[in-house]
Amino acid sequence: MTGVVARVVLNRGDFTLDIEVAVAPGEVVAVLGPNGAGKSSLLRALCGLAAIDQGQIVIGDVVVDDPARDVFVDPAHRRIGFVFQDYRLFPHLSVLDNVAFGPRSAGASGGKARDQARVWIDRFGLTDLAGRRPGEISGGQAQRVALARALAAQPHALLLDEPLAALDIATRQDVRAELRSHLRSFQGPTILVTHDPLDALVLADRVVVLESGRVTQAGTTAQIAQRPATSYVAQVMGLNLLRGQASAGLIALDDGGELHAPDHLLAGPALVAVRPTAISLHAHKPEGSARNVWAGHVTGVQPIGDRVRVTVSGAPSVVVDVTAGAVVELGLVAGSEVWLSTKATELEVYPG
Amino acid sequence: MNKRGRSRSTPPWPVAIPAIIALAFLVLPVLGLLIRAPWGRLIELLTSRTSLDALRLSLVTALSATVISIAIGLPLAWLLARAEFPGRRFARALVTVPLVLPPVVGGIALLLAFGRRGMVGQYLDSCCGITLPFSTPGVVVAETFVAMPFLIITVEGALRGLDTRLEDAAATLGASKSAVFRRVTLPLIGPSLIAGGVLTFARALGEFGATITFAGNLPGVTQTLPLAVYMGLEGDPDQAIALSLVLLLVSIAVLVGLRDRWLRTGVAS
Amino acid sequence: MRRPVILVVAAALALSACSSAGPSSTSPGTSPATSGSAAAQGALTVFAASSLKEAFTAIGKAFEAANRGVSVTFNFGPSSTLATQIGAGAPADVFASASGKTMDTVAAAGLAPSRSNFATNSLEIATPPASSVAISSLADLAKPGVKVAVCQQAVPCGAGAQTLFTKNSVQIKPVTEEVDVKSVLAKVELGEVDAGIVYVTDVQAAGAKVVGVVIPADHNVTNKYPIAAIKGSANAATAQAFVAFVLSPAGQAALASAGFAAP
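Protein chains in written order, with this note's numbering: chain A, 1 to 352; chain B, 1001 to 1269; chain C, 2001 to 2263.
So here's chain A without its partners, still in its complex pose:
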């Protein structure tokens, strides 16, 4: 399997989507962009619900859409799993039969399809819900069913459209962590589109930024966070993502340093997200209540809108957003020595 290689050009009146993406097997790429950037159109084209006007889509080794060569494979034969933003579970079927829909479509008998579905149902912790109708389960559960249903069809590639947007904020973080582990175990290429940078940073290996139908930046999450190419990227990608090992409420970061976690629940590989505005800069070692305090030196100072993004090298290295007044007050320039602090409660920690 060679993953997904696609150049998608769609003309919709005044709007033109023109994007190139290549995703390797096992890799998760997030397409990040504001509403109306063409993200959903990209997914519809990839799975065959819309035909592209120019370009080519290759899934595995098969050309599934190539207008120049008059090739178009319909959605039923592309074997692309699609998790829709609104899940689109079949209301007339039980959770089990929703998940069995793919195997059934692949030609399995009713009983065999259900047997296959039960494997996914169990893996996704849906065993108790198997007999329920989609109308009788919660949003987070529906999200799991939708993913289980897509994966049970044994797709060659997986697409997720705003997988967490339909959930309330309280459940979003749990589901995001869960989704992360499920995506890690999927062997094929995964493309997810989102307008939420946290989704991109937590779930994806690489990020493609899509604005008004064009790619404005692409790269690893760290690259994009540190060198935002547009103001949109700068605004949304101002997020520090750190990896480490959690143990007894303390996370030892892979690149040096350690942070106090908000709770003691997690052990093992962990991912820590902390917003640039949640970190404070000080000229001297602070005495306050913040539990995480460390030293570093400034490597970059860049104005973003009404704030200034300060890149600090240390253990860990982070980006920090401060006001222009603070920059003057602290006399921040490249090379300045600073102290950093953040509260444990400002950290969002995910199992890595």
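No lab work stands behind these hints, which were simulated from the structure alone. For each residue, glycine too, the CB sits at the ideal point set by N, CA and C. Treat the hints with care, since some could be wrong.
Heads up, incomplete: computed chain C residues facing chain B, CB under 8 Å, no partners named [as the list claims (entries may be wrong)]:
| # | residue |
| --- | --- |
| 1 | 2077 |
| 2 | 2081 |
| 3 | 2147 |
| 4 | 2152 |
| 5 | 2154 |
| 6 | 2176 |
| 7 | 2178 |
| 8 | 2190 |
| 9 | 2191 |
| 10 | 2192 |
Covered stretches of chain A (in silico footprint by chain B; criterion: 3 or more residues with CB under 8 Å from a CB of chain B, positions within the stretch not fixed) [said to hold, decoys possible]:
| # | segment |
| --- | --- |
| 11 | 11-24 |
| 12 | 67-80 |
| 13 | 300-307 |
Using the hints provided, position chains B and C relative to the given structure of chain A.
Only chains B and C this time, still in chain A's reference frame:
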């Protein structure tokens, strides 16, 4: 709140009086039928040869008309709701014609098309020896003509209201077009299909004008319940009333059946 | 403000409905009858057998011409239906039936105190023009595959056809028993049946649209047409005048030209 509640429970008289008249107007004829019914002779009247023949014939033909309406009306409803083709709006308007056409006119039109010397009928006659008028299949043709629009309109409405995103989802799961229709579309429009079928059956069962014009009137062959009622009025009015009761019973059963369905979908949604 | 307007409109509608539904709607200023029955005036409703349509339409016009201020309205239909309707209180002034039996039911209800036979009619085989099935006698109707339409048993032409078959000892299985004789004729005209048993007068009225096959008199069935003024008619004098007109030479001439025989 209290004031509004009271005003809702006592409607103003300019509304109440005509409303009561309207209700009485609809109820009294049914009441008349029930009062004048020959209850003592009912069993005897309903088990007479004429009654049983008409009853059997009506059930067979109305059921056949319903099955045919589903078999050919469902695909048409799907085309009207989903396909893009020139003249679609015109085709949709045409479908409703039998609904507003007086059934007798429908019967004449059927004769001119499928009669022995009709546009199509003459070839049926010369090639295959099929003559529809004065035959039980002729009754089915007449009933299908007047009743099928009910099915098409009901199902087309359901299909247009259906969320196509579910069908898209089914396609991404590898379901072929026919599998999508069978396993997603059909179950989702199922309740409407049943409602349309029941309406079609009820309309076919009550069909009179087109039947007597196109298929004629012969006991056991083309004399359905409504025809037997009409003919009975000439000879034995008691028999006509007894058969009318049967039709009334079927109408009530249809209403109750549909109401039950509406209640259930109401709970589910 | 809106309510009174609605009420006024409703009242106006009710009034106009009353006036148009009134029993007498002759226009004022019409001069009285000039000849024939001097008392005849007003609106007259005549219930008449389907087979009388052509003859009575002509008679009605002649009666109106002879009696200024009279308007005759006909209700043609199967005699048995008409008898049922009259029995149920339909506003008929005169009933002209195609059989004594149907008139009997009206008389039994006390609605036809005196009646007179005014015509006789006999049956004839009507066949479509250019038919591929050759029919020259009643016996031909009994052949397999020949489609025959008759009237339903309850109406005189249906009862007559049954009597005709019995009298001539032919076994005929009709494909349809139509509501009335005009429906039988229509099925013949459309070519949907190979033959229909109708009245001589119907064949004549249909002109070139059907081809008649005459049934010899000694094999045929003749039925008498009775007429009666209906008791309780709002216009009894005019009703009597109409009955008299049908029986008069003028009326008989019109019937004869439609193909009816004298009573």
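Point to revise | Structure versus earlier hints - violations, ascending order | key: The structure breaks hints 1, 11 and 13; every other hint is satisfied.
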